[in-house]
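Residue numbers (the working numbering), protein chains in the order written: chain R, 1 to 317; chain E, 318 to 581.
Don't take every hint at face value.
The following residues of chain R were derived to be distant from chain E, with all beta-carbon distances above 12 Å [to be verified]:
{"no.": "1", "residue": "29"}
{"no.": "2", "residue": "56"}
{"no.": "3", "residue": "57"}
{"no.": "4", "residue": "90"}
{"no.": "5", "residue": "92"}
{"no.": "6", "residue": "216"}
Dumping the calculated BS3-like pairs for lysine-lysine here, alpha-carbon to alpha-carbon at most 30 Å [to be verified]:
{"no.": "7", "chain 1": "R", "residue 1": "305", "chain 2": "E", "residue 2": "555"}
{"no.": "8", "chain 1": "E", "residue 1": "482", "chain 2": "R", "residue 2": "62"}
{"no.": "9", "chain 1": "E", "residue 1": "454", "chain 2": "R", "residue 2": "62"}
{"no.": "10", "chain 1": "R", "residue 1": "2", "chain 2": "E", "residue 2": "544"}
{"no.": "11", "chain 1": "E", "residue 1": "562", "chain 2": "R", "residue 2": "274"}
{"no.": "12", "chain 1": "R", "residue 1": "209", "chain 2": "R", "residue 2": "236"}
{"no.": "13", "chain 1": "E", "residue 1": "366", "chain 2": "E", "residue 2": "463"}
{"no.": "14", "chain 1": "R", "residue 1": "62", "chain 2": "R", "residue 2": "163"}
{"no.": "15", "chain 1": "R", "residue 1": "236", "chain 2": "R", "residue 2": "163"}
{"no.": "16", "chain 1": "R", "residue 1": "274", "chain 2": "E", "residue 2": "555"}
{"no.": "17", "chain 1": "E", "residue 1": "395", "chain 2": "R", "residue 2": "116"}
{"no.": "18", "chain 1": "R", "residue 1": "284", "chain 2": "E", "residue 2": "368"}
{"no.": "19", "chain 1": "R", "residue 1": "284", "chain 2": "E", "residue 2": "482"}
{"no.": "20", "chain 1": "E", "residue 1": "562", "chain 2": "R", "residue 2": "305"}
{"no.": "21", "chain 1": "R", "residue 1": "188", "chain 2": "R", "residue 2": "57"}
{"no.": "22", "chain 1": "R", "residue 1": "272", "chain 2": "E", "residue 2": "366"}
{"no.": "23", "chain 1": "R", "residue 1": "2", "chain 2": "E", "residue 2": "577"}
{"no.": "24", "chain 1": "R", "residue 1": "284", "chain 2": "E", "residue 2": "348"}
{"no.": "25", "chain 1": "E", "residue 1": "482", "chain 2": "E", "residue 2": "463"}
{"no.": "26", "chain 1": "E", "residue 1": "482", "chain 2": "R", "residue 2": "236"}
{"no.": "27", "chain 1": "E", "residue 1": "454", "chain 2": "E", "residue 2": "421"}
{"no.": "28", "chain 1": "E", "residue 1": "535", "chain 2": "R", "residue 2": "274"}
{"no.": "29", "chain 1": "E", "residue 1": "535", "chain 2": "R", "residue 2": "62"}
{"no.": "30", "chain 1": "R", "residue 1": "284", "chain 2": "E", "residue 2": "539"}
{"no.": "31", "chain 1": "E", "residue 1": "547", "chain 2": "R", "residue 2": "272"}
{"no.": "32", "chain 1": "E", "residue 1": "421", "chain 2": "E", "residue 2": "463"}
{"no.": "33", "chain 1": "R", "residue 1": "116", "chain 2": "E", "residue 2": "544"}
{"no.": "34", "chain 1": "E", "residue 1": "366", "chain 2": "R", "residue 2": "116"}
{"no.": "35", "chain 1": "R", "residue 1": "236", "chain 2": "E", "residue 2": "544"}
{"no.": "36", "chain 1": "E", "residue 1": "421", "chain 2": "R", "residue 2": "272"}
{"no.": "37", "chain 1": "E", "residue 1": "562", "chain 2": "R", "residue 2": "314"}
{"no.": "38", "chain 1": "R", "residue 1": "116", "chain 2": "E", "residue 2": "534"}
{"no.": "39", "chain 1": "E", "residue 1": "482", "chain 2": "E", "residue 2": "368"}
{"no.": "40", "chain 1": "R", "residue 1": "284", "chain 2": "R", "residue 2": "305"}
Since the hints were derived computationally from the structure, they do not count as laboratory data.
Ideal Cβ positions, reconstructed from N, Cα and C, are used throughout, including at glycine.
Spelled out from the first residue to the last, the chains are:
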Amino acid sequence: MKKKCLFFYEEDQGNYVKDLLEVARQMYGENFESYALVINPLDVNVISGFDYLLAVKDQRLKDYDLINITSLMAECQQVYQFDAVIVLATQLGRMLSPRLAMRLHVGLVADITAIKSHPDGTIEMIRPAFEGKLLAGIINDGDGPTMMSVRPGVFLDQQSTAKIPEVLACQLQTIEDTGMRRISQIRKPDSRDIRESRVLVAGGGGVLKDFDQLDQLAQALGGMTAASRRIVDSNKADRTIQVGQSGKTVHPELYIALGIYGALQHVAGLNKVKHLIAVNTNIKAPICSLADIVVEGDAAEFVRKLTTRINENKQAE
Amino acid sequence: MKIICLVKFTPDVDQFQYDYEKNILIRENVKLVINPDDACALGFALGLKKKTPEVVIEAVTMGPLNVTAMMADILRRKVDLATILSDRQYVGSDTYATSRIIGKYLETADYDVILTGSHSRDGDTAQIPGQLAEYLKLNQISQIRKIDQPSMLNKRALVEVDSEKYLETYEIPLPAILSVGRESNYRLPFVRYDDLDLDVSDRLRIIDNDSLAVDSKKIGLKGSPTKVIKSYPIDYQKKEQVIVKNDDQGIDMVMAFLEKEGYL
Ligand SMILES: Cc1cc2nc3c(=O)[nH]c(=O)nc-3n(C[C@H](O)[C@H](O)[C@H](O)COP(=O)(O)OP(=O)(O)OC[C@H]3O[C@@H](n4cnc5c(N)ncnc54)[C@H](O)[C@@H]3O)c2cc1C
Ligand SMILES: Nc1ncnc2c1ncn2[C@@H]1O[C@H](COP(=O)(O)O)[C@@H](O)[C@H]1O
Numbered sequence: 001m002k003k004k005c006l007f008f009y010e011e012d013q014g015n016y017v018k019d020l021l022e023v024a025r026q027m028y029g030e031n032f033e034s035y036a037l038v039i040n041p042l043d044v045n046v047i048s049g050f051d052y053l054l055a056v057k058d059q060r061l062k063d064y065d066l067i068n069i070t071s072l073m074a075e076c077q078q079v080y081q082f083d084a085v086i087v088l089a090t091q092l093g094r095m096l097s098p099r100l101a102m103r104l105h106v107g108l109v110a111d112i113t114a115i116k117s118h119p120d121g122t123i124e125m126i127r128p129a130f131e132g133k134l135l136a137g138i139i140n141d142g143d144g145p146t147m148m149s150v151r152p153g154v155f156l157d158q159q160s161t162a163k164i165p166e167v168l169a170c171q172l173q174t175i176e177d178t179g180m181r182r183i184s185q186i187r188k189p190d191s192r193d194i195r196e197s198r199v200l201v202a203g204g205g206g207v208l209k210d211f212d213q214l215d216q217l218a219q220a221l222g223g224m225t226a227a228s229r230r231i232v233d234s235n236k237a238d239r240t241i242q243v244g245q246s247g248k249t250v251h252p253e254l255y256i257a258l259g260i261y262g263a264l265q266h267v268a269g270l271n272k273v274k275h276l277i278a279v280n281t282n283i284k285a286p287i288c289s290l291a292d293i294v295v296e297g298d299a300a301e302f303v304r305k306l307t308t309r310i311n312e313n314k315q316a317e
Numbered sequence: 318m319k320i321i322c323l324v325k326f327t328p329d330v331d332q333f334q335y336d337y338e339k340n341i342l343i344r345e346n347v348k349l350v351i352n353p354d355d356a357c358a359l360g361f362a363l364g365l366k367k368k369t370p371e372v373v374i375e376a377v378t379m380g381p382l383n384v385t386a387m388m389a390d391i392l393r394r395k396v397d398l399a400t401i402l403s404d405r406q407y408v409g410s411d412t413y414a415t416s417r418i419i420g421k422y423l424e425t426a427d428y429d430v431i432l433t434g435s436h437s438r439d440g441d442t443a444q445i446p447g448q449l450a451e452y453l454k455l456n457q458i459s460q461i462r463k464i465d466q467p468s469m470l471n472k473r474a475l476v477e478v479d480s481e482k483y484l485e486t487y488e489i490p491l492p493a494i495l496s497v498g499r500e501s502n503y504r505l506p507f508v509r510y511d512d513l514d515l516d517v518s519d520r521l522r523i524i525d526n527d528s529l530a531v532d533s534k535k536i537g538l539k540g541s542p543t544k545v546i547k548s549y550p551i552d553y554q555k556k557e558q559v560i561v562k563n564d565d566q567g568i569d570m571v572m573a574f575l576e577k578e579g580y581l
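Just chain R, same shape as in the assembly (with noise of 0.2 Å):
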């Protein structure tokens, strides 16, 4: 019998959330079936890839209700008994997943980075751990569907296929009321994102004073400046561009890692980079046997000495 996987899909993640079908893919090969649940869809037509539509149309439920979204992916659980729940972590993912889990009383493993299906049908979900030295593989010991939160870009859906989804009924039979209302919504000007920069220029431990510096080599490169969680941690740079497990999954050409260890939360950050350049003071650290090469010696100089380099060319010309 197939298996079932139940996505949980945000019309603004659309993508994102085809690409946790590769998760599906990777645990149970073609045999399964997906399940996405949408509620109030702005419009059906442009979800493909999935077999199956769940779409809830009520408005009395908000995007924001997250006790009756769980009473209601917990109605379907009921009902269709998926093998899996894959949930995308974005603000709403992260907050959704683990109230579905306990209602369903399972465990929940956040951020996987990699997942081992066993030929006994056990299903291994492998994320960074012990402080980023080692990987851990986990699995859910005990009754109920293998549940699980991904974060963006972190799998990539390969075969993207069309498929149109059957669209089947689902209604939540009773709502709950629970005083909770959204007064304002504002969308924040559009920046741009790192996760669609061509070139990254990252800093890390090794330049927390000349941060700032980084700017103007990410300039010259037509790139974006990126961030380990170091420098997010003191403040030299907002949280949208940190890299790594609890950043984003970037997959740029080109990355320059400024003064950056390579601790396993930040390489997992980094998905199919074509070049990487790492400039360190000490040639040990794990992220220079990533580099293509490896640059010995203090990183702000080296941002200064390359900048004026690329900008003397640039007039040259």
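Given chain R's structure and the hints, the job is docking chain E with the ligands onto it.
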């Protein structure tokens, strides 16, 4: 008004040092510190109490007893009551078991609101607040960057949330679980000089499982549905690399590479 603040103590990751020769983490003397998000939540509660003295604050943590000194330090910052949930049987609990233990305590506790951090620095699962909210059947919201003080006292909290794309304001009836993010910039006040050695032992309680009585099959390693079955070393795919110095020659090499690969 009674506020419960959940606090977790985590290793100060910034203090970790690597032994680059042996490639190991030096863990000795690494201090435990209050998780940054939790410090913000506690900072907000103390700010409210400063303006409205009838606010009572209880800090609750689950963890080993070596956090006692840090809980005492929190009491010296004008928190009223500190509770440590600690039992050998709790060791190895995953987030599901942890939420059930903390939830069992909170079920019997008296509160108008529960404040937590959005996520912790070590586990960083951000799962505990949501799991607890489900256990206690409360509304919960994460990544709060501002809580309106008067609204708290009116039992309908107005909170500002920063999800990556939007800035949002919600009204949430209390009791609820409000999870504060570090971007809120609420600060934990310092201990007043006079209070540095204040005896706070009468306001600090340690509760073990004899009194909390969570089903022993539901706690610790064996009560945790998620189990680590294996660990893997990091498999860095080594590239054929060129090592250069940070001198003119090195910069020449880098320039040539950038040129060749079309980045200039
Ligand atoms: C649950 C969890 C999630 C995490 N998520 C993330 C995440 O998303 N992203 C992330 O980045 N981290 C994350 N971390 C933290 C991670 O484990 C590391 O602590 C962090 O990445 C270290 O940052 P760093 O390499 O910039 O700094 P450091 O570890 O301080 O390393 C600094 C590096 O710079 C070099 N250096 C020093 N001086 C110079 C100089 N003058 N010039 C050149 N090089 C120099 C040093 O040799 C060293 O290699 C997470 C940790 C945990 C526990
Ligand atoms: N052992 C614990 N004791 C008390 N509070 C905790 C504990 N673990 C997590 N929390 C709370 O839950 C929040 C999120 O933690 P986590 O789910 O571990 O990322 C923290 O900021 C704390 O407020």
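Comparing the hints with the structure gives:
no.: 1; hint: 29; result: holds (22 Å)
no.: 2; hint: 56; result: holds (20 Å)
no.: 3; hint: 57; result: holds (23 Å)
no.: 4; hint: 90; result: violated (8 Å)
no.: 5; hint: 92; result: violated (8 Å)
no.: 6; hint: 216; result: holds (15 Å)
no.: 7; hint: R:305 - E:555; result: holds (27 Å)
no.: 8; hint: E:482 - R:62; result: holds (18 Å)
no.: 9; hint: E:454 - R:62; result: holds (18 Å)
no.: 10; hint: R:2 - E:544; result: holds (26 Å)
no.: 11; hint: E:562 - R:274; result: holds (22 Å)
no.: 12; hint: R:209 - R:236; result: holds (9 Å)
no.: 13; hint: E:366 - E:463; result: holds (16 Å)
no.: 14; hint: R:62 - R:163; result: holds (28 Å)
no.: 15; hint: R:236 - R:163; result: violated (45 Å)
no.: 16; hint: R:274 - E:555; result: holds (13 Å)
no.: 17; hint: E:395 - R:116; result: violated (50 Å)
no.: 18; hint: R:284 - E:368; result: violated (53 Å)
no.: 19; hint: R:284 - E:482; result: violated (38 Å)
no.: 20; hint: E:562 - R:305; result: holds (12 Å)
no.: 21; hint: R:188 - R:57; result: holds (27 Å)
no.: 22; hint: R:272 - E:366; result: violated (50 Å)
no.: 23; hint: R:2 - E:577; result: violated (49 Å)
no.: 24; hint: R:284 - E:348; result: holds (26 Å)
no.: 25; hint: E:482 - E:463; result: holds (17 Å)
no.: 26; hint: E:482 - R:236; result: holds (21 Å)
no.: 27; hint: E:454 - E:421; result: holds (13 Å)
no.: 28; hint: E:535 - R:274; result: violated (47 Å)
no.: 29; hint: E:535 - R:62; result: violated (34 Å)
no.: 30; hint: R:284 - E:539; result: violated (39 Å)
no.: 31; hint: E:547 - R:272; result: holds (25 Å)
no.: 32; hint: E:421 - E:463; result: holds (29 Å)
no.: 33; hint: R:116 - E:544; result: holds (15 Å)
no.: 34; hint: E:366 - R:116; result: violated (50 Å)
no.: 35; hint: R:236 - E:544; result: violated (37 Å)
no.: 36; hint: E:421 - R:272; result: violated (45 Å)
no.: 37; hint: E:562 - R:314; result: holds (24 Å)
no.: 38; hint: R:116 - E:534; result: holds (28 Å)
no.: 39; hint: E:482 - E:368; result: violated (33 Å)
no.: 40; hint: R:284 - R:305; result: holds (23 Å)
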